[in-house]
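Chemist: Single-letter residue listing:
Number of protein chains: 2
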Amino acid sequence: MDLALARELSQEAETKIVLFVMDGLGGLPHPETGRTELEAAWTPHLDRLAKESICGLTVPVATGVTPGSGPGHLALFGYDPLVYNIGRGVLEAAGIDFDLQPTDVAARGNFCTIDGDGVITDRRAGRISSERCEELVAGLREISLGDGVQALVEPVREHRFVLVLRGEALSDEVTDTDPQKVGVKAPASRGVTEDGEATAALVNKWVSEAQAYLVDKAPANMLILRGFAKRPDWPQMADVFRMRPAAVAHYPMYRGLAKLVGMEALAVGPTLEDSFAVVRENWDRFDYFFVHYKHTDAAGEDGDYERKMEKIEEVDAAIVTLVEMEPDVLMVASDHSTPAAMAAHSWHTVPFMLRSKWARADDCGYFNERRLALGSLGTFPAKEAMPLAMAHAGRLRKYGA
Amino acid sequence: MDLALARELSQEAETKIVLFVMDGLGGLPHPETGRTELEAAWTPHLDRLAKESICGLTVPVATGVTPGSGPGHLALFGYDPLVYNIGRGVLEAAGIDFDLQPTDVAARGNFCTIDGDGVITDRRAGRISSERCEELVAGLREISLGDGVQALVEPVREHRFVLVLRGEALSDEVTDTDPQKVGVKAPASRGVTEDGEATAALVNKWVSEAQAYLVDKAPANMLILRGFAKRPDWPQMADVFRMRPAAVAHYPMYRGLAKLVGMEALAVGPTLEDSFAVVRENWDRFDYFFVHYKHTDAAGEDGDYERKMEKIEEVDAAIVTLVEMEPDVLMVASDHSTPAAMAAHSWHTVPFMLRSKWARADDCGYFNERRLALGSLGTFPAKEAMPLAMAHAGRLRKYGA
Chain R
29 MDLALARELS QEAETKIVLF VMDGLGGLPH PETGRTELEA AWTPHLDRLA
79 KESICGLTVP VATGVTPGSG PGHLALFGYD PLVYNIGRGV LEAAGIDFDL
129 QPTDVAARGN FCTIDGDGVI TDRRAGRISS ERCEELVAGL REISLGDGVQ
179 ALVEPVREHR FVLVLRGEAL SDEVTDTDPQ KVGVKAPASR GVTEDGEATA
229 ALVNKWVSEA QAYLVDKAPA NMLILRGFAK RPDWPQMADV FRMRPAAVAH
279 YPMYRGLAKL VGMEALAVGP TLEDSFAVVR ENWDRFDYFF VHYKHTDAAG
329 EDGDYERKME KIEEVDAAIV TLVEMEPDVL MVASDHSTPA AMAAHSWHTV
379 PFMLRSKWAR ADDCGYFNER RLALGSLGTF PAKEAMPLAM AHAGRLRKYG
429 A
Chain U
29 MDLALARELS QEAETKIVLF VMDGLGGLPH PETGRTELEA AWTPHLDRLA
79 KESICGLTVP VATGVTPGSG PGHLALFGYD PLVYNIGRGV LEAAGIDFDL
129 QPTDVAARGN FCTIDGDGVI TDRRAGRISS ERCEELVAGL REISLGDGVQ
179 ALVEPVREHR FVLVLRGEAL SDEVTDTDPQ KVGVKAPASR GVTEDGEATA
229 ALVNKWVSEA QAYLVDKAPA NMLILRGFAK RPDWPQMADV FRMRPAAVAH
279 YPMYRGLAKL VGMEALAVGP TLEDSFAVVR ENWDRFDYFF VHYKHTDAAG
329 EDGDYERKME KIEEVDAAIV TLVEMEPDVL MVASDHSTPA AMAAHSWHTV
379 PFMLRSKWAR ADDCGYFNER RLALGSLGTF PAKEAMPLAM AHAGRLRKYG
429 A
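Chain order of the listed sequences is R and U. Heads up: the first sequence at position 35 corresponds to 63 in this note's numbering, and the numbers run straight through without jumps. Heads up: the second sequence at position 327 corresponds to 355 in this note's numbering, and the numbers run straight through without jumps.
A portion of the hints provided could be inaccurate.
Where chains are identical, the list cannot tell them apart; a pair therefore holds if satisfied intra-copy or between any two copies.
Capping the alpha-carbon separation at 25 Å, the derived lysine-lysine pairs in BS3-like fashion look like this [what the hints assert, rightly or not]:
(1) 287 to 426
(2) 209 to 426
(3) 426 to 213
(4) 426 to 258
(5) 322 to 426
Keep in mind the hints are simulated off the structure, nothing from the lab.
Please take these sequences and the hints and turn them into a complete structure.
Modeler: Written out as structure tokens, the structure is:
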């Protein structure tokens, strides 16, 4: 279902939808046991939910495509990630509550380390502290570009910051200065189109002055920029789905993402208990809660099979709290797979279940990749999760007479 | 994934992909045993591969659609056959290494038999020998069309030949003179559009002179033409997927098809051992091998359930050779079903498995239609096989931030 049809069919209702995202949940078999992280984890509560749910495996973007976090989440929100494409700069800016203007161009920045020849040796400058990041950003704010263009800089955390160029006639049609690997120099930005050339020149001027400032600030003696983008003007969930949506996410990027589709990003602490408490406190104010759990992905990215298993078990133990709030629709889903065996995001299909009193529950029996594959949803596009939830929540009108 | 996205995400890698196509593999249950050809065949090696593979059933073109050999293969190469549509004439011409020019119009020809009233009694003229075909073609080459248009004729094999009209302003918007059945006369060609009318007139002039020449050449006393088409200008696999693709196919049509998407068609003998030897000899020169096995389809077309079963078992015994080359991705697939029970191509879904060390193997256990249906790939479009293979071969970049 595309958003135009969703807008046509959506209706208000007195029902609650919860989307619980275990980031990077999908895994791969351990070479010794042949079991995925999810198969190996002890998950009696998730398994019980599976017995009461319709089940399947989602394809976040398209078959074979490894999604970034943005596309993976947008799909779960009902937005086709091949249509609603987002620049990293915008995502980072939104994640720190930066109020991007329509003419602004934002980029994600990394402080990095270069050697005497200008070759990048560490793309994260040894993950400098957030405090050090703030000090360096303060210095970068002194750079003046002139020509009526401001260069706004905001720290994110550790080695990461956001650069926002503000002025008239700026373009985001420029290339990254982040080569996404070490062992090479940071390239100059270039205009992808003629429109972009003037902005690329401004970027290069700013980088050059920044480099002069950072020269004695090792390990953060250089910076790299990527994902230049303007704020997209997307349909908002409240309009499309006629609901009040909230995001319960601790990490900036996921908050930023949620805000781009019109969710209210609620303040929340770092733990799962914090997240569930925020849901409970705000139960009456919203119809839809996106609850984000980061640690499964982080463990997967670190290639830590055991920790990923433990993080899954942590969720299993806690999820009762969420179930007890009795949402009309509860989805346990994920934005992509992050198999510990690959220590990276991957293209593999992604566990999904949806529990509702109106669900025709499947016989999968267990919440893991191989059992969910037997569910009636089969392997299906993640963007269909939202219409499924809407339907089970009584929030979609009949189509046609 | 369409080819534009594939072009955006594809990256080079040091990996090998093998697509092994058992033509017309899908079958239907035998009325006595209730088992399909594949279920009845003894296939320990294929079954073992299935245990290490992700599994499913492919839909070559669209649900319910019976594919010709062209669409069935194009889908497996990653080309949506509803977008990349090919005329039979072009396929035949490419299959005999005929160097089609962009303005040429090619058609597939059959010598056929007509009775005294001009009614077709055998669409294949009793399958005359290839030698006889060559003699008749030599005669047809004497026909002159004038007006700066040449009529080039080339034998294919048995009753089949290719007609290529060469000149300026020719159109392929003309109808067939092959009624695709016996008991009727061959219709005249007509222009489908105004553009096509002049070309249709040339076709009819040529057919009329050909008939005069063939009048005393029974059983080949007439000919019929179909699939008028110009050479398509399609994206090439090397550009789209950033790989070096090779075709290992003995039959002309499949070689021709492979060449249209930019594969190098390697010289190969008729046996499975020949095919696998060619793969091995060329292992370092290419990244992707399409290996074609014809006999399963031929047995199915003949309605010979037993022979089809035997041909499947022949593959099972030989496939070890291919596995031992250790391709990073091995797909065992097919272009369509050819159930012996129907003695024809059919719309039924098609067996598929993909083996890779990065595959999250399914629990199907056996390589047959009913077990593969339980795989995590479910029933999916055949055109997704290529992105899947690319992903498992580490040849697709991440999408989005």
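Chemist: Now, for every hint given, state plainly whether the structure supports it.
Modeler: Hint check:
| no. | hint | result |
| --- | --- | --- |
| 1 | 287 to 426 | between (29 Å within a copy, 23 Å between copies) |
| 2 | 209 to 426 | between (51 Å within a copy, 14 Å between copies) |
| 3 | 426 to 213 | between (57 Å within a copy, 22 Å between copies) |
| 4 | 426 to 258 | between (37 Å within a copy, 21 Å between copies) |
| 5 | 322 to 426 | between (37 Å within a copy, 19 Å between copies) |
When each numbered hint is compared with the structure, no violation occurs for any of them.
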